[in-house]
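*Asks:* Two chains, two frames, a set of hints: combine them into the complex.
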Amino acid sequence: MLSKVRLTLDAVVLLLFAWALSQAHGFPRLAAQFPMLVAVGGLAFGAVGLARDIRRLRSSGTAVGGDVMDTASLSAMVGDDSEAGLADAFRALGRYAAWIVGYVTTVWLLGMVPASAVFVGVFLAREARLGLVRSAIAAAAVAVGLVFLSDLLSAPWPHTIWS
Amino acid sequence: MADAALEALTHVFAWQTLIFMVFGAGLGLLVGLFPGMGGTVGMSILLPFVFGMDVFQGVAFLVGAMATTNTGDTFPSILLGIPGTGASQATIMDGYPLAKKGKAATALGAAFFSSMAGGILGAIALLGMLFIARPIVLALGSPELFMFTLLGLSMVGVLSRGSPFAGLTAGLLGMLLGTIGGAPATSAYRFTFDSLYLFDGIPLGVFALGLFALPEVLDLLASHRSISSLPTLSGSRWQGVRAVLQHRWLLVRSSLMGTGLAMLPGLGGTVIDWITYGIARQTSRDAESFGRGDIRGLIAPEAANNSKDGGTLIPTLVFGIPGNGSTAILLGGFTLLGLQAGPSMVRGEGLSVSLAMVWTLALANIVGTAICFSLVKPVARLTLVRAQVLMPFLIVIIVYAAYLSSRSWGDIAALLAISALAWLMKQVGWPRPPMLIGFVLAEPAERYLSISYNRFGYGFAARPGVIIVAALIVAIIGSGVWRQRNQRLKTGGSADTPPEGRP
Numbered sequence: 001m002l003s004k005v006r007l008t009l010d011a012v013v014l015l016l017f018a019w020a021l022s023q024a025h026g027f028p029r030l031a032a033q034f035p036m037l038v039a040v041g042g043l044a045f046g047a048v049g050l051a052r053d054i055r056r057l058r059s060s061g062t063a064v065g066g067d068v069m070d071t072a073s074l075s076a077m078v079g080d081d082s083e084a085g086l087a088d089a090f091r092a093l094g095r096y097a098a099w100i101v102g103y104v105t106t107v108w109l110l111g112m113v114p115a116s117a118v119f120v121g122v123f124l125a126r127e128a129r130l131g132l133v134r135s136a137i138a139a140a141a142v143a144v145g146l147v148f149l150s151d152l153l154s155a156p157w158p159h160t161i162w163s
Numbered sequence: 001m002a003d004a005a006l007e008a009l010t011h012v013f014a015w016q017t018l019i020f021m022v023f024g025a026g027l028g029l030l031v032g033l034f035p036g037m038g039g040t041v042g043m044s045i046l047l048p049f050v051f052g053m054d055v056f057q058g059v060a061f062l063v064g065a066m067a068t069t070n071t072g073d074t075f076p077s078i079l080l081g082i083p084g085t086g087a088s089q090a091t092i093m094d095g096y097p098l099a100k101k102g103k104a105a106t107a108l109g110a111a112f113f114s115s116m117a118g119g120i121l122g123a124i125a126l127l128g129m130l131f132i133a134r135p136i137v138l139a140l141g142s143p144e145l146f147m148f149t150l151l152g153l154s155m156v157g158v159l160s161r162g163s164p165f166a167g168l169t170a171g172l173l174g175m176l177l178g179t180i181g182g183a184p185a186t187s188a189y190r191f192t193f194d195s196l197y198l199f200d201g202i203p204l205g206v207f208a209l210g211l212f213a214l215p216e217v218l219d220l221l222a223s224h225r226s227i228s229s230l231p232t233l234s235g236s237r238w239q240g241v242r243a244v245l246q247h248r249w250l251l252v253r254s255s256l257m258g259t260g261l262a263m264l265p266g267l268g269g270t271v272i273d274w275i276t277y278g279i280a281r282q283t284s285r286d287a288e289s290f291g292r293g294d295i296r297g298l299i300a301p302e303a304a305n306n307s308k309d310g311g312t313l314i315p316t317l318v319f320g321i322p323g324n325g326s327t328a329i330l331l332g333g334f335t336l337l338g339l340q341a342g343p344s345m346v347r348g349e350g351l352s353v354s355l356a357m358v359w360t361l362a363l364a365n366i367v368g369t370a371i372c373f374s375l376v377k378p379v380a381r382l383t384l385v386r387a388q389v390l391m392p393f394l395i396v397i398i399v400y401a402a403y404l405s406s407r408s409w410g411d412i413a414a415l416l417a418i419s420a421l422a423w424l425m426k427q428v429g430w431p432r433p434p435m436l437i438g439f440v441l442a443e444p445a446e447r448y449l450s451i452s453y454n455r456f457g458y459g460f461a462a463r464p465g466v467i468i469v470a471a472l473i474v475a476i477i478g479s480g481v482w483r484q485r486n487q488r489l490k491t492g493g494s495a496d497t498p499p500e501g502r503p
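Residue numbers (our numbering), protein chains in the order written: chain A, 1 to 163; chain B, 1 to 503.
The shape of chain B in the complex, shown without the other chains (with noise of 0.2 angstroms):
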């Protein structure tokens, strides 16, 4: 393992790789920082330049990305009241009251404070449970990784915003559509319609920016969003590193709390931060302050949107389950790369791209903060440019990194396509995180079927490890619609339905 350890960190801090880092943490700092964009779209525009690349380089640039999205999103939260990512709401509440009382860079501070150790401390655990998870995942067979596959989805499903069993269909959606193309049991061709395109099936970078790029893209230009005023920056950054490290018992707490519960594939940022937030209002005395620019709610959420990147990393690195919509195209990434999720990231060369992950993803979120930290006021200049301004911009990239998934205009049409069905599923409240794992986990669910299929039979249905997830599914399930029907009756009937008047 030392040796594993020492060699990735030879691969890390090998001048290209440590370039295609701080290139991949640049750009998940851009992202985060505007509105409506986030880490999956981020890592889905990023995700077709990685063909080709060296194993570590690919892995740093793809990490880098994805460990500092979650502190460029800080500046929209703080300064706008906007929050970057969905990971960034519960920042809003008193990072934006900090920011109008005219604390504004000592709530930077705090909050890239706060994310930077936040981030290590996920790396930290990261590391640990690499070396716990080993010998469990070592013990599981097909059979059991096929179940995984599907606690994944279900997790992801019921756990997502909106109606559970909508969640588990938009999954089940992504799973049909990635069955298109050759089989991996057998050489036949499925639901190709004889397009010589679809043999291969459609490429991830395709579906992940036709899922969530492009219809943000035409939201904000439609909606004509533009801020028009900036608070005033006042105060100091070292101010809020100070108050961070007055509370750093809450930061550790915090980060520890991120990372155990990003272990749970499905549950998101969004929901992490929440309950961190909500954790520490609940146990501090004088709660009143917090929502009024209490910078005790501020730590909470930017040490646990930071540190849930490590956890999120573990049941994709071990397990092959991605937690969120990122970490399922760092999955297809891996593919990409021509690595393989599941137990050979423990053992051999697969261990060691997994500490120089470990070893990124702790680099990335230094290299982020230092970089926020220098960019606080041109950084936030340019949050307050137009949707019309920037959005064409991002329209070109968008389509060139959707045409170098497979170098052909298919992957174009298919863009338009998939962004036109993903934007009306936006619009009804259809959840679109849940169609994304469903499409990255076909693949390996269809293997470890087949796997399982052809070495026990049917009878793998009947094995202990087995019946142990099938039951846990059934829970979640239930737990799922259980939860649903519960705030329909606290709240009267209207826990999932808008307001009067909407149509």
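In isolation and in its complexed conformation, chain A is listed as follows (with noise of 0.2 angstroms):
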């Protein structure tokens, strides 16, 4: 699967490159001169890995580098190789990512200082099962560590869907 996410990846990557290239023609001669010089040069060191990546998956079987598993990538962190773990890592990826978003979007609704709190209060509650006491304590310090943090660097707030 890692194998198709890279070509895939490497396939986009040279897209770009080439739409910019065609973007930057339209540009003014001083405007357009650096952007194209790069994608010149991405879309020539890009073809290349990509000839390399499909090479490599038609000599070994795989298009993915050793360094997947020498950094912390997702798979490499869990420890397990095989289809099933793997699929589990990503679900719990998924799930992560959706609390991400998901606060996000409650500091578009309610704001940065309640959907903060809701979120350290409840991640914890429920993902870190910290229990219920030690996770509202939780909450109410990222409030106030927020408002002081705000209040020191007279930094605004995100605005809400309301303001």
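Treat the hints with caution; some may be incorrect.
These stretches of chain B come out as covered by chain A in the derived footprint (C-beta under 8 angstroms, 3 or more residues) [unchecked claim]:
1) 177-190
2) 387-394
3) 446-455
It should be emphasised that the hints constitute simulated quantities derived from the structure, not laboratory data. Here the structure is a predicted model, which is why all the values come from computation and not from measurement. Backbone N, C-alpha and C fix where the C-beta goes; we use that ideal spot for every residue, glycine too.
*Replies:* Written out as structure tokens, the structure reads:
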């Protein structure tokens, strides 16, 4: 599965460089020079990279670099080579990605301080199973910390849907 | 120069600057503690906060954090056998076996003392190189500086893990994303899709957070990683210090090697760490004890991974080429503080700022070591906390830090989009540091190219300096491809492929 994702990413990046090159043609000369240079370089190196990945896939059955094993990528961190282990990890990943998107949506709806307090409290209670009292204390600490930080930096909050 | 050094010292020892330096050093230590975070993530979190700060305070804040990340990462490396950052991988080789032998306190003492000494030696080397580098830098024109940006990108791309072509493509992709917004040479907007948010380009803070922070947080959460047991702390920290003093020449040699290697942009802490470890092992008489808890195997990489900070600052300050992800973000921090890396950093007020960095680097290493010495036990307990408990706090900080970049919802949207791309890149082995360095180098590269073209036309390509650097770039790319080919031949075609059964 990762090989397919790698080849798709290679191809998408190549298309992106081609699109950028076509767009850059329409810019004034001084604004076009650098993006065109970068896009041409990207197309050249990207094409060689894609060709090498395809060759590697054909010769060794995978297009994914060995560094995936060494770095803290999800598959390496889970320590489970099997399709089932990886599928479990991806399911968990989807859940946590949903938590983050949910948090950002709550910030949009309720504002930074209440949304952060709710997010931290509920996350700790549900995912970390910390217990209601400890989760509530952590939520309150986050709210106080954010207000303190905002005051210190004279920084505003993100606008909500209502403001 | 002496006046500038004294002025820098006065600024560094101002109480407000000291507070920011200690705060940055504390945050750097904290970031180093958590496996998977690393200096780049820590610096990217701090970056939005320097906007509007006094130059010396902002520099103290960022350099303080940069200097201590590789001190804090010693805790998980030695106590838990998990590298806190990529630059502490070699520390595990002998640090963890020492901890398993019940000599964790000795190992920690040796590691912290080596880190401190390495950091101070790196700062001294930086000071020396600033004097030497000054006339060289002042002799360079825009065409040469443009080529240096390409050289930096090539080195980072080729020397990063995985395929050199993927590294170079990632670097160029970062450069392309760096061109979004207004062109520096003319009043034209590029790749903005008529979005007001994109008119100023993607903020560096958002880009760095998206590239490194959220993908790491997601992977840590999804892998449900927790460390179940802690090796018993025994022995004495001072025994470790005595062991370092016994091997003081190894310390000095590894520190100088770390600084020297770090001057080459893109080599990275991980590579430097392993090179110094390998040389320490190869040049020792009883090398077989390495990997089984030999204190020398701890001193060499720990000294090198702190001394490299001085080395990476040399190309960053005098050429405007970031040596790694952290210095790429530092370079972005300069922009937020109104500074410009390059020749201006070795003259006038820029020289005072550069010298303030030298003082801060040395001071932050001492402060970081003192904090680590006093926090051995509570910090060790903190590293046992599950990702599920720690990460929600970090997510809140990341989202708010991203928002502070330009105080727009576009920051948060860009953060999520870049995180998704970076997470994919991470899973399939596309190197991300070249992308960040490409993004940072896009603006100076375009500026130098425009000046060169306006001044010399395309004839700038015929200048001897340009030809020499171009030849270097070709040699670097060629050697990268050759190295990978050799590795593959040696391992029968499996050097960069995962073992059987991996999808």
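*Asks:* Give a verdict on every hint.
*Replies:* For each hint, the structure was consulted:
no.	hint	verdict
1	177-190	holds (count 6)
2	387-394	holds (count 4)
3	446-455	holds (count 4)
No hint from the list above goes unmet by this structure.
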